[in-house]
Amino acid sequence: MTAPILSISGLSVVSEFDARPILRHVSLDLEPGRTLGLVGESGAGKSTIAKALLGVLPRTVRITEGEILFEGRNLRILARRELRAIFGDAIALVPQDPMTALNPGRRIEAQLTDGLRLRRGLSAGAARVRALELLAEVSIAEPERVLSAYPHQLSGGMRQRVLIAAAFALEPKVIVADEPTTALDVTVQKQILRLIRGLQAAHRTAVIFVTHDLGVVARICDRVTLLFAGSVIESGLTADILSAPRHAYTRALIAAGPRYDRPDAGLKPVPEAVVAQTWLEVAGPGRQG
Amino acid sequence: MMEASASSFVAPGGPALRARRLAALLAEPKVTLGGGFILALILVALFAPWIAPKNPLDQELMLASVPPVGFTGAEPGYLLGADDLGRDVLSRLIYGSRIALIVAFVAASLAAFIGTALGLIAGWYRGWADGLISRLVDIWMAFPPVLLSILLVAVLGAGVGSVIAAIAIIDWTRFCRVVRAETMAQAEADYVVAARAIGFPPIHILMREILPNVVPALLALVSLEMGIAVIVEAILSFVGLSVASDTPTWGGMIAEGRQFIHQTWWLFAAPLVALFATVLAFNQLGDGLRRALDPVLRR
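Protein chains in written order, with the numbering used here: chain A, 1 to 289; chain B, 1001 to 1299.
What the hints contain is simulated information worked out from the structure, not anything from laboratory work. Each hint should be verified, as a subset may be incorrect.
Unchecked claim - Just a sample of chain A residues kept apart from chain B, beta carbon distances all over 10 angstroms, derived:
1. D18
2. G55
3. E65
4. A110
5. L118
6. R119
7. V186
8. I254
As the list claims (entries may be wrong) - Have a look at the derived ranges for each label pair, beta carbon to beta carbon:
9. B:Y1125 / A:A273: 57 to 63 angstroms
10. B:Y1125 / A:D18: 50 to 56 angstroms
11. B:F1071 / A:H152: 22 to 28 angstroms
12. A:G125 / B:P1144: 53 to 59 angstroms
13. A:R117 / B:A1027: 22 to 28 angstroms
14. A:A19 / B:Y1125: 31 to 37 angstroms
From the three backbone atoms N, C-alpha and C, an ideal C-beta is built for every residue, glycine too.
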């Protein structure tokens, strides 16, 4: 295992509002150029990790302990100026919902060139040229027209391509993809996954792929970390975990997914007993949520 | 397959888009009618000296209280009749539109500016800044606006400037509330989160990411506010707290006409109709603009 480019160790986050734990001693490592799947049900803390990595945690939550190391530097103690070169620059985001992630009132060109102009000091003309390259790179056929369009004039798949182009604009070392395919239909999903995969290989970018879809994990992730109620319950190589899950919850989660080879089998919810047992493990007795 | 989906995009961009948007704006009857009326009124106010048939201050005591054309005893050249001092009502109406429009535009813009600035601050920073501004709005809105405006003008002294200041000082709260709520909603949007992650300073995010999306709602409000400003100016003129009495204003004309309402009703009716039509036009324009400019409503 090479040295991780990004490493979270013992990260705990609580809600300011009622001191409820949101993350409990979460640790994970991301190697350069690799893809880590972050899997869990709603509320497991996936998006909180994504936000912490981008320095945009809401003001209603607070990090209580743990470290986030990027290239060996602790992001929690770094000066603001140094952080600016990391958040949104060396670490970029592909957001979840392409329908709401673009500003409806601004043209694509303005939104795509923001980072290039602010962070790289490019002129408007140079940024436009770069934006056209980026759009071509995400297989957009008419980049000129897309640049002058408003988001509502583009389809969901197109918008997600634009967002991916924007994420890769600053040549980040890590991309946090927060369920980038959840809001898309299955055929477009497949194209978008292939696109992310291709760009990642071309740019040697590491990706943290937040999802609740184990099918997606199997397809693109090298390693996977399973979260439950803010705790890591299992972590390892994707192939190992999917073929030989150690934790009962993981097994139930894998069994719960639809099977293409047995369409009549239906969906099996994770058994109550397994959920209760997992709660007991992560939160101790007497406390659920 | 991939290429097909990537080009499944039909809307034209650039100049074509702008033309289409203008067309959408003009296809909205509320915009064309309301805006047309306001535009005509602006032209009338600008070119008042050339349009007005008489000097609005010229008294012709022999012709005092002649009725409008079409009534018995009407005097040719006095289309809407003359007041008790023999001044041409139409000319006074035309000159009166100047004050009405100046107050409408300047006061509404000022109120919008103050309210928007404070609303953006409250909605973005929340915490104590929001608490302070929101409490201020609550207190402000508890005052009866007309009384407060009369009080303010009485303190500041009569005059157009005071009227404008009074309206702006009172009515910024309308804008503040709407902008604050909208800013809070927008602050959660992914594009704002992305802008924060990239490291744009708050001022940039507020101006470029949030404000443009507040503008459609704001435009409607500004237009409504212009209507309100016209009314408040008329009220202040009515109680004699606006401009000096030798400058014709609609409110002043209503006040003068009120005294003789049983004898010379046209002195009362003419400025009232002008006021009514202007306020209606501002309101319709605001509503139409909101419909035509909102990218979501337009879809």
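Each hint tested on the structure:
Non-interface status of D18 (chain A) relative to chain B is upheld: no Cβ of that chain comes within 10 angstroms, the nearest being about 18 angstroms off. Distance to chain B contradicts G55 (chain A) as a non-interface residue, since its nearest Cβ pair spans about 6 angstroms, not more than 10 angstroms. Every CB of chain B lies more than 10 angstroms from the CB of E65 (chain A), the least distance being 23 angstroms, so the non-interface label holds. For A110 (chain A), the non-interface assignment is contradicted: its Cβ lies about 8 angstroms from the closest Cβ of chain B, within the 10 angstroms cut-off.
For L118 (chain A), the non-interface assignment is contradicted: its Cβ lies about 6 angstroms from the closest Cβ of chain B, within the 10 angstroms cut-off. Listed as a non-interface residue, R119 (chain A) fails to keep its Cβ farther than 10 angstroms from every Cβ of chain B; the least gap is roughly 7 angstroms. Its beta-carbon lying about 13 angstroms from the closest one in chain B, V186 (chain A) satisfies the requirement of being farther than 10 angstroms from that chain. Residue-level check passed: I254 (chain A) sits 30 angstroms from the nearest beta carbon of chain B, beyond 10 angstroms.
Between Y1125 (chain B) and A273 (chain A) the beta carbon distance is about 47 angstroms. The supplied range of 57 to 63 angstroms is therefore violated. Checked against the given bound of 50 to 56 angstroms, the beta carbons of Y1125 (chain B) and D18 (chain A), roughly 23 angstroms apart, lie outside it. Range check, F1071 (chain B) to H152 (chain A): Cβ separation about 56 angstroms, and the 22 to 28 angstroms hint is violated. For G125 (chain A) and P1144 (chain B), the Cβ-Cβ distance of about 56 angstroms falls inside the hinted range of 53 to 59 angstroms, so the restraint holds.
The supplied range of 22 to 28 angstroms is broken by R117 (chain A) and A1027 (chain B), whose beta-carbon atoms lie about 36 angstroms from each other. A C-beta distance of roughly 24 angstroms is found between A19 (chain A) and Y1125 (chain B), which places it outside the suggested range of 31 to 37 angstroms.
Of the numbered hints given earlier, the model fails hints 2, 4, 5, 6, 9, 10, 11, 13 and 14; all others are met.
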